[in-house]
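K.L.:
So the chains spell out like this:
There are 2 protein chains.
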Amino acid sequence: MSGKTEYSPKMQALFERVAEFSDLEGIMALLGWDQQVYMPPGGAEERGLQSAALGRILHEKFATEEFGQLIADLEDEIGDLNAETDVARSVKVIKRNYEKQVKVPLPLLMESIKAQTMAHEAWVQAKARSDFSIFKPHLETIVDLRKQYVELFQPYDHIYDPLLDDFEPGMKTADVKEIFDKLRPQQVELLQAITEKELPDNSFIKQPYKEDYQDLFGRHVITCFGYDWQRGRMDVAPHPFTTGFGLGDVRITTRYLKDDVGSALFSTMHESGHAMYAQGVSEKYKRHPLGGAASLAIHESQSRLWENIIGRSKEFWTYFYPSFQMLFPEYLAEVSLADFYRGINRVEPSFIRVEADEATYNMHIMLRLEIEIGLMEGTINVGDLPEIWNNKMQDYLGITPPDDARGVLQDIHWSGGMIGYFPTYALGNLASVQLWEKLLQEHPNVPDEIAQAKFDTILAWMREHVHQYGAKYDPQEIMIKATGSKITPEPYMAYLRKKYAEIYDL
Amino acid sequence: MSGKTEYSPKMQALFERVAEFSDLEGIMALLGWDQQVYMPPGGAEERGLQSAALGRILHEKFATEEFGQLIADLEDEIGDLNAETDVARSVKVIKRNYEKQVKVPLPLLMESIKAQTMAHEAWVQAKARSDFSIFKPHLETIVDLRKQYVELFQPYDHIYDPLLDDFEPGMKTADVKEIFDKLRPQQVELLQAITEKELPDNSFIKQPYKEDYQDLFGRHVITCFGYDWQRGRMDVAPHPFTTGFGLGDVRITTRYLKDDVGSALFSTMHESGHAMYAQGVSEKYKRHPLGGAASLAIHESQSRLWENIIGRSKEFWTYFYPSFQMLFPEYLAEVSLADFYRGINRVEPSFIRVEADEATYNMHIMLRLEIEIGLMEGTINVGDLPEIWNNKMQDYLGITPPDDARGVLQDIHWSGGMIGYFPTYALGNLASVQLWEKLLQEHPNVPDEIAQAKFDTILAWMREHVHQYGAKYDPQEIMIKATGSKITPEPYMAYLRKKYAEIYDL
Numbered sequence: 000m001s002g003k004t005e006y007s008p009k010m011q012a013l014f015e016r017v018a019e020f021s022d023l024e025g026i027m028a029l030l031g032w033d034q035q036v037y038m039p040p041g042g043a044e045e046r047g048l049q050s051a052a053l054g055r056i057l058h059e060k061f062a063t064e065e066f067g068q069l070i071a072d073l074e075d076e077i078g079d080l081n082a083e084t085d086v087a088r089s090v091k092v093i094k095r096n097y098e099k100q101v102k103v104p105l106p107l108l109m110e111s112i113k114a115q116t117m118a119h120e121a122w123v124q125a126k127a128r129s130d131f132s133i134f135k136p137h138l139e140t141i142v143d144l145r146k147q148y149v150e151l152f153q154p155y156d157h158i159y160d161p162l163l164d165d166f167e168p169g170m171k172t173a174d175v176k177e178i179f180d181k182l183r184p185q186q187v188e189l190l191q192a193i194t195e196k197e198l199p200d201n202s203f204i205k206q207p208y209k210e211d212y213q214d215l216f217g218r219h220v221i222t223c224f225g226y227d228w229q230r231g232r233m234d235v236a237p238h239p240f241t242t243g244f245g246l247g248d249v250r251i252t253t254r255y256l257k258d259d260v261g262s263a264l265f266s267t268m269h270e271s272g273h274a275m276y277a278q279g280v281s282e283k284y285k286r287h288p289l290g291g292a293a294s295l296a297i298h299e300s301q302s303r304l305w306e307n308i309i310g311r312s313k314e315f316w317t318y319f320y321p322s323f324q325m326l327f328p329e330y331l332a333e334v335s336l337a338d339f340y341r342g343i344n345r346v347e348p349s350f351i352r353v354e355a356d357e358a359t360y361n362m363h364i365m366l367r368l369e370i371e372i373g374l375m376e377g378t379i380n381v382g383d384l385p386e387i388w389n390n391k392m393q394d395y396l397g398i399t400p401p402d403d404a405r406g407v408l409q410d411i412h413w414s415g416g417m418i419g420y421f422p423t424y425a426l427g428n429l430a431s432v433q434l435w436e437k438l439l440q441e442h443p444n445v446p447d448e449i450a451q452a453k454f455d456t457i458l459a460w461m462r463e464h465v466h467q468y469g470a471k472y473d474p475q476e477i478m479i480k481a482t483g484s485k486i487t488p489e490p491y492m493a494y495l496r497k498k499y500a501e502i503y504d505l
Numbered sequence: 000m001s002g003k004t005e006y007s008p009k010m011q012a013l014f015e016r017v018a019e020f021s022d023l024e025g026i027m028a029l030l031g032w033d034q035q036v037y038m039p040p041g042g043a044e045e046r047g048l049q050s051a052a053l054g055r056i057l058h059e060k061f062a063t064e065e066f067g068q069l070i071a072d073l074e075d076e077i078g079d080l081n082a083e084t085d086v087a088r089s090v091k092v093i094k095r096n097y098e099k100q101v102k103v104p105l106p107l108l109m110e111s112i113k114a115q116t117m118a119h120e121a122w123v124q125a126k127a128r129s130d131f132s133i134f135k136p137h138l139e140t141i142v143d144l145r146k147q148y149v150e151l152f153q154p155y156d157h158i159y160d161p162l163l164d165d166f167e168p169g170m171k172t173a174d175v176k177e178i179f180d181k182l183r184p185q186q187v188e189l190l191q192a193i194t195e196k197e198l199p200d201n202s203f204i205k206q207p208y209k210e211d212y213q214d215l216f217g218r219h220v221i222t223c224f225g226y227d228w229q230r231g232r233m234d235v236a237p238h239p240f241t242t243g244f245g246l247g248d249v250r251i252t253t254r255y256l257k258d259d260v261g262s263a264l265f266s267t268m269h270e271s272g273h274a275m276y277a278q279g280v281s282e283k284y285k286r287h288p289l290g291g292a293a294s295l296a297i298h299e300s301q302s303r304l305w306e307n308i309i310g311r312s313k314e315f316w317t318y319f320y321p322s323f324q325m326l327f328p329e330y331l332a333e334v335s336l337a338d339f340y341r342g343i344n345r346v347e348p349s350f351i352r353v354e355a356d357e358a359t360y361n362m363h364i365m366l367r368l369e370i371e372i373g374l375m376e377g378t379i380n381v382g383d384l385p386e387i388w389n390n391k392m393q394d395y396l397g398i399t400p401p402d403d404a405r406g407v408l409q410d411i412h413w414s415g416g417m418i419g420y421f422p423t424y425a426l427g428n429l430a431s432v433q434l435w436e437k438l439l440q441e442h443p444n445v446p447d448e449i450a451q452a453k454f455d456t457i458l459a460w461m462r463e464h465v466h467q468y469g470a471k472y473d474p475q476e477i478m479i480k481a482t483g484s485k486i487t488p489e490p491y492m493a494y495l496r497k498k499y500a501e502i503y504d505l
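These protein sequence lines map, in sequence, to chains A and B.
For the first sequence, numbering that gives the first Met the number 0 gives the first residue as 0, with consecutive numbering after it.
For the second sequence, numbering that gives the first Met the number 0 gives the first residue as 0, with consecutive numbering after it.
Careful, some of the hints might be misleading.
Identical chains share a label here; the pair holds if one copy fits it or two copies do between them.
Claimed, not checked - When the alpha-carbon atoms are kept at most 30 Å apart in a straight line, the in silico DSS-like pairs for lysine-lysine are as follows:
id, residue 1, residue 2
1, Lys113, Lys283
2, Lys60, Lys9
3, Lys9, Lys113
4, Lys102, Lys480
5, Lys94, Lys205
6, Lys313, Lys205
7, Lys181, Lys285
8, Lys391, Lys9
9, Lys480, Lys209
10, Lys102, Lys209
11, Lys498, Lys437
Keep in mind that the hints were calculated from the coordinates and are not lab data.
The shape of chain A in the complex, shown without the other chains (with noise of 0.2 Å):
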């Protein structure tokens, strides 16, 4: 932390708490990587219990009366300090955080931590035999702690607003509605131009790959983008994720299946996006109060820009394809250029949101969205949802799930007592394309400079205006400081429109 003395002894053992925090955070992260990544099965047990006993720690050292009292005194003695500055703006993150963590009793976290590790166990059964039936009970358990965690932020405008504040600082759930409300009909007359056409084929990509050169090619790309391998590794996991345990250290993982090379190839892409976020935050705000994101939508705005916007483009593609089908002459080598981008960017309607294309991902959310707030409003209660589930998967997309492992069981969040994450992917996706277009306007030279493989321009530009910050900024504000406009769709619906205009010829 740079220029510690001149701070006040208060504001100075502020910092020094929140180092301690960061530590014991990145300890945490720690564990959950291992658990996912290398633990053998004989650690499970052990490892909940470590997770918790430091989970305790964290908000006993977190949530106490004396902490609370040094962020009140601290208010005062920043006073009328312009608001923009890093000490104003740290008091602020510090006393959000802090109040969220004092509002939870200990036995309703502890609570909830036992459940969500059971529950998760459950939903992984569940899943495996697509019996939802298995995992219903524990569902139920977590909506209830969500309901009781919500009360506890009494008064709101809407019962949703306190899990998604918890992802998405400062958004509400009208917002979201109302965002989703002009996106919705746009999506929905795009996908139904689409599939008037003719589907491209891309039985190309569904072949087993040899796996260690997709793993050679996921690298080489990430490498190009700007992703920092001396802070950083990437291994093989169940589920694609990125951690950090510090802004020295912020590893990805993916995996790479049989039938499917896009998986690990879009996902490496994606992954690096939120790692590449993280490595840029500010050096001066490690083991700092804001050295963490601003949120899951800048963080996911990150993501989809490499994998969708750079990695499905044909830019992107003109150059790296050359040497994709190189490593595989066996599946590529008469597939040309063309129809390559064809076939990676192909539209249909699918039951798994993960391998969703770019024109029907929106939808997947929405659905969920509804679902969530009718769980947490009491219309919907947890036993019906494989029906409504369906139901709305016909509505959306216009086809139905033939097991509820493709359908309402497929993502892991709702075990992991996450409701109210789900937007944050989609608002992700529009943020992702108002960044793009912003850049372009001022660097319209960027897509041939992808078409050389230099992405300098476009990662300096992403730090500039987005990563350094950390958690400076609520997401909206680095919105409108970075495109002038909180998240809209208009630019997302332009982007998908004019690039399958293209593809399908609309």
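Fit chain B to the supplied structure of chain A, relying on the hints for placement.
P.N.:
This is chain B only, laid out in the frame that chain A set:
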């Protein structure tokens, strides 16, 4: 923990506290494992701070007056309860650890952690450049801090006692000296007899064996031994080690050298011995005061058993050599079993402890013990270490290291403040054979079983007589219970004489 309900509320409070310590110590071990195995360079600074933060929490939670009072109350409560019961032993072990912790002021602890972090970095550099002057000031600080530490344990018989006791509870410097005094002339005599004979060829070992087949063979062997992969894993690290995060997750590492197939092979067996000990502790000691190990010497007795007594035996290779030959025909097709066996048991004075053969290994330890005692007594100055080291090498082994990297700088221990650790290696060698001889008396068929790759009698015997007890008994108690005697050099020397008489025709 079984039978929880029988305990008094205070006893239950004690066990709950210890369970939490155990969770946090498991986390600390994970931080270390990841640091050595997978952490990218950029993570080092924050990892150091994370370990320090957790270390501070452990100290603050453990070294409290209130906890000391709880222990004192429980000593009264158990009163004249049989000292052999788990409860009585648990209180004894906790009290010993508590008294060690509480005597160390937090500033000294934190200064030591910091000094060790810096000394480790300096040692890495010094070793790489073979320049002792880089390490010298750091080692001076380490020795000074160790002296401050030892003073907290006045009165003692010998200044080295408190250090030794940290690794080998109950063992005194005088005990070790007595054992080494008996051992030294016999080791020297045996070595002289061997060096008059012709050296067996071992050039076929010093070849660039394929790493993936080395990995295959190593995993196969320790699977046969009985290492439980459900509760562990093996990774590659610069230095082989074993670590555990609980009874359910005990991991090992190995390393593959480009010019010596023996390195990974024997260190994999070695570490599996440590790990099977940790995996063999009774399930009832999970997150329990007795869940650790008796001592480092007992630990080393297990690792050396599998590495040397079994792994370098004729019986072992009678079974495994055909498989090994199949994997590496390019180096072994023309090498007979007899020549291979002689090659891996070649005796030759050498510079590096970890690569020393069974006949010279203990000399490396005796040299280090003399130096450590001299440093603590103040009769040896850090600045004179390179010269003293080289002179002692000439005395003991008749060779002089060509540089300090292969001399005084070779070991990591001192940079981590671990003075008092080395003697446990030699004690472990002695204990390994002492246990082995007892096992052979009871199960004379065991060598034949080894020749059929049957290791369950051995593992079951060690489980019964050593592993299951965890930290319940002090090391010498374990040895007396299992073999009828404290650690003594006779069985070891008899074993060496017999083995080398045959190989070298003495």
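K.L.:
Evaluate each hint against the coordinates.
P.N.:
Each hint tested on the structure:
1. Lys113 x Lys283: between (36 Å within a copy, 23 Å between copies)
2. Lys60 x Lys9: both (17 Å within a copy, 25 Å between copies)
3. Lys9 x Lys113: For Lys9 and Lys113, the Cα distance is within 30 Å only across copies (25 Å; inside one copy 36 Å).
4. Lys102 x Lys480: For Lys102 and Lys480, neither the intra-copy (32 Å) nor the inter-copy (56 Å) Cα distance is at most 30 Å.
5. Lys94 x Lys205: Answer is neither: 50 Å inside a copy and 63 Å across each miss the 30 Å cutoff.
6. Lys313 x Lys205: within (20 Å within a copy, 52 Å between copies)
7. Lys181 x Lys285: neither (39 Å within a copy, 57 Å between copies)
8. Lys391 x Lys9: This pair counts as neither: shortest intra-copy Cα distance 54 Å, inter-copy 57 Å.
9. Lys480 x Lys209: Classified as neither; 44 Å inside a copy, 56 Å across copies.
10. Lys102 x Lys209: neither (51 Å within a copy, 59 Å between copies)
11. Lys498 x Lys437: Result: close within a single copy only, 17 Å intra versus 78 Å inter.
When held up to the earlier numbered hints, the structure conflicts with 4, 5, 7, 8, 9 and 10 and fits the remainder.
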